[in-house]
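The chain contents come next:
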Amino acid sequence: MSLLDISMYKDDPGFDVSELMEKPYDPEFADKNYNPDKPMENRITDIGPPHYAQFFPEVIKKNYGEWKSHEFIQPGVIKYTSESGDVCYVVRCGLPRILTTNLMREICDIADKYSGGIARWTTRNNVEFHVTDEGTLRELIDFLKNFKHPGGSYKLPIGGTGACISNIVHTQGWIHCHTPATDASGLVKSTADEIFEYFGSHKLPAKLRISMACCLNMCGAVHCSDIAMLGVHRKPPFVEDERIGKVCEIPLVVAACPLGAIKPATVEINGQKYKTVRMNWDRCMFCGNCYTMCQAVPLADAEGDGVAILVGGKISNRITTPKFSKLIVPYIPNEPPRWPSVTKVVKRIVEAYAKDAHKYERLGDWAARIGWERFYEKCDIPFSEKSIDDYRLAYDTYHTTTQFKWSTHTDNL
Amino acid sequence: MADLKKHDTPMVDELKKGPWSSFADDLQTRGDSGSQACLDLLGQLELSYKDKETHWKHGGIVGVFGYGGGVIGRYSDQPDKFPAIAAFHTLRINQPASKFYSTKFLRKLCDMWDHRGSGVFNFHGSTGDTVMIGTTTEQLEPIFFDLTHQFDMDLGGSGSNLRTPSCCIGRARCEFSCLDTQAICYDLTMTYQDELHRPAFPYKYKFKISGCPNDCVAAIARSCCAIIGTWRDEIRIDQKAVQAYVNGELKPNAGAFSDRDWGPFDIQKEVIDLCPSKCMYWDGKELKIDNRECTRCMHCINVMPEALRPGLDVGATILSGAKAPILEGAQMSTLIIPFMRMEYPYDEIKELTDLIWDWWMEEGRNRERLGELIQRKGLPTYLRIIKRKPIPQMVKEPRSNPYVFWKEEEVPGGWTRSLEEFRKKHLA
Ligand code: HEM
Ligand code: SF4
Ligand code: SF4
Ligand code: SF4
Ligand code: SF4
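Chain order of the listed sequences is V and H.
First residue of the first sequence: 27, per this note's numbering; consecutive thereafter.
First residue of the second sequence: 372, per this note's numbering; consecutive thereafter.
Since the hints were derived computationally from the structure, they do not count as laboratory data.
Hints should not be assumed to be uniformly reliable.
The calculated BS3-like cross-link candidates involving lysine-lysine, where the alpha carbons are at most 27 Å apart (straight line), are [as the list claims (entries may be wrong)]:
#: 1; chain 1: V; residue 1: 87; chain 2: V; residue 2: 105
#: 2; chain 1: V; residue 1: 229; chain 2: H; residue 2: 377
#: 3; chain 1: V; residue 1: 261; chain 2: H; residue 2: 428
#: 4; chain 1: V; residue 1: 381; chain 2: H; residue 2: 640
#: 5; chain 1: V; residue 1: 94; chain 2: H; residue 2: 659
#: 6; chain 1: V; residue 1: 289; chain 2: V; residue 2: 299
#: 7; chain 1: V; residue 1: 36; chain 2: H; residue 2: 475
#: 8; chain 1: V; residue 1: 370; chain 2: V; residue 2: 174
#: 9; chain 1: V; residue 1: 352; chain 2: H; residue 2: 575
#: 10; chain 1: H; residue 1: 758; chain 2: V; residue 2: 272
#: 11; chain 1: H; residue 1: 767; chain 2: V; residue 2: 233
#: 12; chain 1: H; residue 1: 428; chain 2: V; residue 2: 301
#: 13; chain 1: H; residue 1: 659; chain 2: V; residue 2: 174
#: 14; chain 1: V; residue 1: 381; chain 2: H; residue 2: 575
#: 15; chain 1: V; residue 1: 139; chain 2: V; residue 2: 88
#: 16; chain 1: V; residue 1: 404; chain 2: V; residue 2: 229
#: 17; chain 1: H; residue 1: 428; chain 2: V; residue 2: 233
#: 18; chain 1: V; residue 1: 373; chain 2: V; residue 2: 229
#: 19; chain 1: V; residue 1: 431; chain 2: H; residue 2: 640
#: 20; chain 1: V; residue 1: 385; chain 2: V; residue 2: 373
#: 21; chain 1: V; residue 1: 431; chain 2: V; residue 2: 404
#: 22; chain 1: H; residue 1: 611; chain 2: V; residue 2: 94
#: 23; chain 1: H; residue 1: 575; chain 2: H; residue 2: 377
#: 24; chain 1: V; residue 1: 229; chain 2: H; residue 2: 622
#: 25; chain 1: V; residue 1: 105; chain 2: H; residue 2: 622
#: 26; chain 1: H; residue 1: 475; chain 2: V; residue 2: 87
#: 27; chain 1: H; residue 1: 452; chain 2: H; residue 2: 421
#: 28; chain 1: H; residue 1: 758; chain 2: H; residue 2: 778
A short, non-exhaustive set of chain H residues, derived as facing chain V with CB atoms under 10 Å [as the list claims (entries may be wrong)]:
#: 29; residue: 417
#: 30; residue: 426
#: 31; residue: 495
#: 32; residue: 530
#: 33; residue: 558
#: 34; residue: 568
#: 35; residue: 630
#: 36; residue: 799
What follows is a list of derived Cβ distance ranges for each label pair [what the hints assert, rightly or not]:
#: 37; chain 1: H; residue 1: 663; chain 2: V; residue 2: 289; range: 37 to 45 Å
#: 38; chain 1: V; residue 1: 290; chain 2: H; residue 2: 799; range: 44 to 52 Å
#: 39; chain 1: V; residue 1: 110; chain 2: H; residue 2: 422; range: 30 to 38 Å
Cβ coordinates follow ideal geometry from the N, Cα and C atoms, glycine included.
Isolated chain V (complex conformation) (with noise of 0.2 Å):
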């Protein structure tokens, strides 16, 4: 018996939306019936997102919380068994998160016409379709195959289940932000491509997450990832003086630097004096929230910015706990539109991680059982001086044991 309880909700705005639904847009309602000298006419507030529940499909509606096991019975296609017996194929596709509203016409002709009107998506950007009966499973799944863009790529490319790369999550990047080291999609794009074999397969030790963030700021939290691509900058702030004045308060600019590094400072130029900051460039960290607070102190530089790669992280708590990510690579130029030397020491960590862990064994765990001398060896890539914290905490990090492995970095002493 389905556990679905929604009958609290009922009186909610937005339980039950299937009437407005099947109104089309009407493009001049808000034209007609807005009133911007009064905009409190007729305004609707608060009202939260449409209820849940009447977007579920039957079958899930039917059998809520009666769940009795899953199988994948491919990469990408998942079987859900219920106690009633009833079953429900899931089949999982990945997505660029951005899309338009033309490949969006395009998933619900698809859902329409094999899933019954109703498309889900994760939490990793992919889109599931549902479907009950293996036949129209069979036929969704040849459609996809061939679904392709102009230029031969997969629209709606079937996997991300068991032991794969899902989705790359990121944010907004050179498309939408203001703060970016970095692009998001093209960087995400090439990497996804280069790894793409390990999307629509089951065939890695264990699931492995990689997540992209164009500044430190990181709308995607990528810091428990297990393979994390960071935009970073190196070059310290401009500081417009005749500017910062006017649009920024200079001490919420000063209070901005989590490093003490901003000075109030005041300045002459031709004759007039100007309240401005200075930076002391030595102690900026280059993370650029004294830029977030204030238009007037840029830091965005081609010679300066690019990509920085963490790895090891992991969020579910399966075996071992939620570990951070760490700093394996400090800096990458962006060579964009590919990325060559991104996507190269990706796919290399993905690599050598698949040709060495132990089943069931995050990348993480696999770098920690194997010593992270012994990974930085395996994965061929140089150890610097800037993987060695020497921020907060730092000491945390630091070897206090006899214990370690001889590798390639003391073989020559």
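Take the given structure of chain V and dock chain H with the ligands to it, following the hints.
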């Protein structure tokens, strides 16, 4: 369509090649079918590839009347070259919990967004919202009016407020779920509409809800309040199904390792020996678990889902204070409540939330996340605020330094004492 202006984009065009679904091709197709904004977006991206720097200006405060969040201003710094994206603001719209949509809903949303914006979405933002990128300031109020009247949709959070809560798929599809993740997500979202829309906090606050310790929404890494399903009783064992795994009739891990020959399934090596608390026993016939020693890591259940299931006495573990590195360094959430029952109307989590918010709004500095405040004030202080007893589950290990902040009332006789008496006994 004759009046569309295409830009020369040789570098961006490279991204149409290769097997992974090409955003560039999608934008191009939408552009060619009549969206100048998509063409200008590709043009500006090409310029960024040439310059290796972004061409978006810093923010700009825009919004809708009565709300303090949900809209983020965005302006091109090359408006003359790319007029269709001169102003290109983002709207965050509160997604339905766990992100199911009907095509009727999506098509109507497309019609609206083509009419009032660029036709470009992010499905979804990393916090979880349905994100629409690319519209002008004049369109914001009509869009909000359309959303609320024609869709029963509302804006999500941005700025120093509650951000849009999000959850895993939970009981809708997953047999591991110990929680009604969508219900909790929806209920908290509806309860805190004011906090979501009108910034009154020192900084952002996030709820995320995962149905079990696999934590598919990454609550432990990304939320100020992580609500993660768990159980107190015993892992349910179907001994027959265990045998079926051992005999090779069932695929380990539901087939997640199917493309590689890992040899025959070895329950000792793959389950018993990998159990982090070494609380499982296998004598060739029967699987035993010492549940009192189990840390509910999910490994055995993930490997043999047909045979093992979480217990039935379910609730949530609550953890506080995760954040990305800015400013004090990345933090994961800290375990504060090992077990909380999660039943409608969820009073206990709401009472806890009130205690946390009152303290944080009083003590938190501008742009200080809850996790940073807990660090600054110490976990013991936080526990007093949320009225919880300290228990060993809250620490990895006891401290190794002896710098204890004793309180005066904890020490017999207090701290005020007579120096005279002291000196009578001890000459200076
Ligand atoms: C400066 C301009 C910024 C822009 C345009 C921006 C944009 C975004 C967007 C669109 C999202 C997804 C929202 C959603 O799903 O609804 C997001 C999430 C996020 N932002 Fe930002 N952001 C900015 C600044 C920052 C800053 C300053 C920080 C931190 C100091 C930050 C940290 C985050 C984090 C940690 C998340 C997501 C966390 C999660 O995974 O749930 N962002 N941001
Ligand atoms: S990670 Fe940084 S650059 Fe990227 S979208 Fe977020 S704030 Fe912008
Ligand atoms: S970039 Fe960061 S460290 Fe450097 S001055 Fe700005 S706030 Fe300080
Ligand atoms: S977090 Fe647990 S309950 Fe939720 S979807 Fe993942 S495995 Fe299932
Ligand atoms: S859930 Fe984890 S700790 Fe508990 S018995 Fe299974 S493997 Fe061991």
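Structure-based check of each hint:
no., hint, result
1, V:87 x V:105, "holds (17 Å)"
2, V:229 x H:377, "violated (43 Å)"
3, V:261 x H:428, "holds (19 Å)"
4, V:381 x H:640, "holds (19 Å)"
5, V:94 x H:659, "holds (21 Å)"
6, V:289 x V:299, "holds (17 Å)"
7, V:36 x H:475, "holds (21 Å)"
8, V:370 x V:174, "holds (26 Å)"
9, V:352 x H:575, "holds (25 Å)"
10, H:758 x V:272, "violated (46 Å)"
11, H:767 x V:233, "holds (26 Å)"
12, H:428 x V:301, "holds (23 Å)"
13, H:659 x V:174, "violated (51 Å)"
14, V:381 x H:575, "violated (42 Å)"
15, V:139 x V:88, "holds (21 Å)"
16, V:404 x V:229, "holds (19 Å)"
17, H:428 x V:233, "violated (38 Å)"
18, V:373 x V:229, "holds (15 Å)"
19, V:431 x H:640, "holds (25 Å)"
20, V:385 x V:373, "holds (19 Å)"
21, V:431 x V:404, "holds (13 Å)"
22, H:611 x V:94, "holds (15 Å)"
23, H:575 x H:377, "violated (40 Å)"
24, V:229 x H:622, "holds (15 Å)"
25, V:105 x H:622, "holds (13 Å)"
26, H:475 x V:87, "holds (19 Å)"
27, H:452 x H:421, "holds (15 Å)"
28, H:758 x H:778, "holds (18 Å)"
29, 417, "holds (9 Å)"
30, 426, "holds (7 Å)"
31, 495, "holds (6 Å)"
32, 530, "violated (12 Å)"
33, 558, "holds (8 Å)"
34, 568, "holds (6 Å)"
35, 630, "holds (4 Å)"
36, 799, "violated (39 Å)"
37, H:663 x V:289: 37 to 45 Å, "violated (58 Å)"
38, V:290 x H:799: 44 to 52 Å, "holds (48 Å)"
39, V:110 x H:422: 30 to 38 Å, "violated (59 Å)"
Checked against the numbered hints given earlier, this structure breaks hints 2, 10, 13, 14, 17, 23, 32, 36, 37 and 39; the rest are met.
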